[in-house]
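Novice: Residue-level listing of the chains:
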Amino acid sequence: MEKKINCFRIVILAFAICLIIAGITRGEVSSVFVKAINICLECIGLG
Amino acid sequence: MRIKENNLLRKNIQRKILQVAAFGFTNSHVGNIATGKIYKGYWKNFCSPGLNCYSCPAAGLSCPIGAMQAVENTPRFGVSFYVLGFILAIGVIFGRAICGYVCPFGLIQEIFHKIPSPKKHLPKPFTYIKYLLLIVFVVLLPALLNDSYGIGSPAFCKYICPAGTLEGGLPILFTHPELRKKLGGIFSIKAAILILTIVGCIICCRFFCKVMCPLGAIYGLLNKISFCRIHVEKERCVSCGACHAICPMDVNPVSQPESAECIRCGKCAAVCPEHVISVGFTGNSSPN
Ligand code: SF4
Ligand code: SF4
Ligand code: SF4
Numbered sequence: 001m002e003k004k005i006n007c008f009r010i011v012i013l014a015f016a017i018c019l020i021i022a023g024i025t026r027g028e029v030s031s032v033f034v035k036a037i038n039i040c041l042e043c044i045g046l047g
Numbered sequence: 048m049r050i051k052e053n054n055l056l057r058k059n060i061q062r063k064i065l066q067v068a069a070f071g072f073t074n075s076h077v078g079n080i081a082t083g084k085i086y087k088g089y090w091k092n093f094c095s096p097g098l099n100c101y102s103c104p105a106a107g108l109s110c111p112i113g114a115m116q117a118v119e120n121t122p123r124f125g126v127s128f129y130v131l132g133f134i135l136a137i138g139v140i141f142g143r144a145i146c147g148y149v150c151p152f153g154l155i156q157e158i159f160h161k162i163p164s165p166k167k168h169l170p171k172p173f174t175y176i177k178y179l180l181l182i183v184f185v186v187l188l189p190a191l192l193n194d195s196y197g198i199g200s201p202a203f204c205k206y207i208c209p210a211g212t213l214e215g216g217l218p219i220l221f222t223h224p225e226l227r228k229k230l231g232g233i234f235s236i237k238a239a240i241l242i243l244t245i246v247g248c249i250i251c252c253r254f255f256c257k258v259m260c261p262l263g264a265i266y267g268l269l270n271k272i273s274f275c276r277i278h279v280e281k282e283r284c285v286s287c288g289a290c291h292a293i294c295p296m297d298v299n300p301v302s303q304p305e306s307a308e309c310i311r312c313g314k315c316a317a318v319c320p321e322h323v324i325s326v327g328f329t330g331n332s333s334p335n
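Heads up: the sequence lines are chains Y and P, in that order. Reminder that position 40 of the first sequence reads as 40 in my numbering, one-by-one numbering, no gaps. In my numbering, each residue carries its 1-based index in the second sequence increased by 47.
So that you can see chain Y by itself, here it is in the shape it has in the complex (with noise of 0.2 Å):
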């Protein structure tokens, strides 16, 4: 059981190391930069 729950756990890890990878890659780093850079309006609760 334990061994099978490890084979999923590194399945999981990699399939999210692709993610990141795939997110990368369609350049969706820098929407979360030029949020990030300025004053978010919807979280300082002027939405």
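Certain hints may be false.
Listed next, the in silico DMTMM-like pairs over lysine to aspartate or glutamate satisfying Cα-Cα at most 20 Å (straight line) [stated by the list, open to error]:
| no. | chain 1 | residue 1 | chain 2 | residue 2 |
| --- | --- | --- | --- | --- |
| 1 | P | Lys167 | P | Asp297 |
| 2 | Y | Lys4 | P | Glu225 |
| 3 | P | Lys63 | P | Asp194 |
| 4 | P | Lys84 | P | Glu225 |
| 5 | P | Lys171 | P | Glu305 |
| 6 | P | Lys63 | P | Glu52 |
| 7 | P | Lys281 | P | Asp297 |
| 8 | P | Lys171 | Y | Glu2 |
| 9 | Y | Lys3 | P | Glu157 |
| 10 | P | Lys58 | P | Glu321 |
| 11 | P | Lys281 | Y | Glu2 |
| 12 | P | Lys161 | P | Glu52 |
| 13 | Y | Lys3 | P | Glu321 |
| 14 | P | Lys281 | P | Glu305 |
| 15 | P | Lys171 | P | Asp297 |
Keep in mind the hints are simulated off the structure, nothing from the lab.
Based on the hints, put chain P with the ligands in the right spot on chain Y.
Specialist: Below, chain P with the ligands alone, put in the same frame as chain Y:
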């Protein structure tokens, strides 16, 4: 008895040191609080593992829940692979240990809980609210509610997040009088939720983590498979209940070692008289 107290004290001090260090690392631009300026450097490309508002002038990293919605709101993306992958990777390695050791808003809540008041436990059904908030305010609304240009808005940040109001809203509004003039109904809703959260945290340990946090909800689901876990030698347990009684998240680690609520704080391991509980990474969890 004395050994038990020493164990607990040692564990608490170790954890607090890590929490304060993580808080300092995530909010390393403290000087900006006085001016209300936002850090605009390279590190904002990356998310912090815990919940920390990127509109806080001191923040050096992005907030994963805010970032996930920001990418969802961009018409050409829809779902954020980058942020989802990051949360999944961190969650599968650490599970909710991130909440116990790294999250700045977790530390803030623990500080509020130190304020003297009657302390209460929360009925279990309240803990399911955070899954609803995750699905409705983080996944569905930001993807579905678009303006005429197809741009959505971050519904959790906009209508709910008390971390944003406290860490971003208050310091920014304090230093920007021109923004104060624009306060309206949405701010009143968010201020009311912040007050409810603070009162909730004073009475009930980590009220926001238990009831409202969408990031905690995801990490909690990953607790069941994460590398960091609780190990209990059930055959040696004498059912004294000390572990359940000390747990700040109302978990019984003997019957639910994989509970989605467990933040891996290790208090249960520190007080167990039989040393049957250990917290650590798979294959490396030594009893206290
Ligand atoms: S539940 Fe949310 S706010 Fe609480 S410690 Fe975890 S990530 Fe932070
Ligand atoms: S079960 Fe133990 S490790 Fe988990 S939150 Fe409770 S006291 Fe902390
Ligand atoms: S404190 Fe130890 S002995 Fe007591 S119930 Fe918990 S695991 Fe069992």
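Novice: Confirm or reject each hint.
Specialist: Hint by hint, here is what the structure shows:
1. Lys167/P <-> Asp297/P: 11 Å, holds
2. Lys4/Y <-> Glu225/P: 58 Å, violated
3. Lys63/P <-> Asp194/P: 44 Å, violated
4. Lys84/P <-> Glu225/P: 14 Å, holds
5. Lys171/P <-> Glu305/P: Satisfied, since the Cα-Cα distance of roughly 16 Å is no more than 20 Å.
6. Lys63/P <-> Glu52/P: At roughly 16 Å apart (the allowed maximum being 20 Å), Glu52/P and Lys63/P satisfy the hint.
7. Lys281/P <-> Asp297/P: 19 Å, holds
8. Lys171/P <-> Glu2/Y: This hinted pair is violated, its Cα atoms lying about 29 Å apart.
9. Lys3/Y <-> Glu157/P: Judged against 20 Å, a Cα distance of about 36 Å means the pair is violated.
10. Lys58/P <-> Glu321/P: 17 Å, holds
11. Lys281/P <-> Glu2/Y: 17 Å, holds
12. Lys161/P <-> Glu52/P: This hinted pair holds, its Cα atoms lying about 19 Å apart.
13. Lys3/Y <-> Glu321/P: Violated. Lys3/Y to Glu321/P sits at ~28 Å, over the 20 Å cutoff.
14. Lys281/P <-> Glu305/P: 14 Å, holds
15. Lys171/P <-> Asp297/P: Roughly 9 Å separates the two Cα atoms, so the pair holds.
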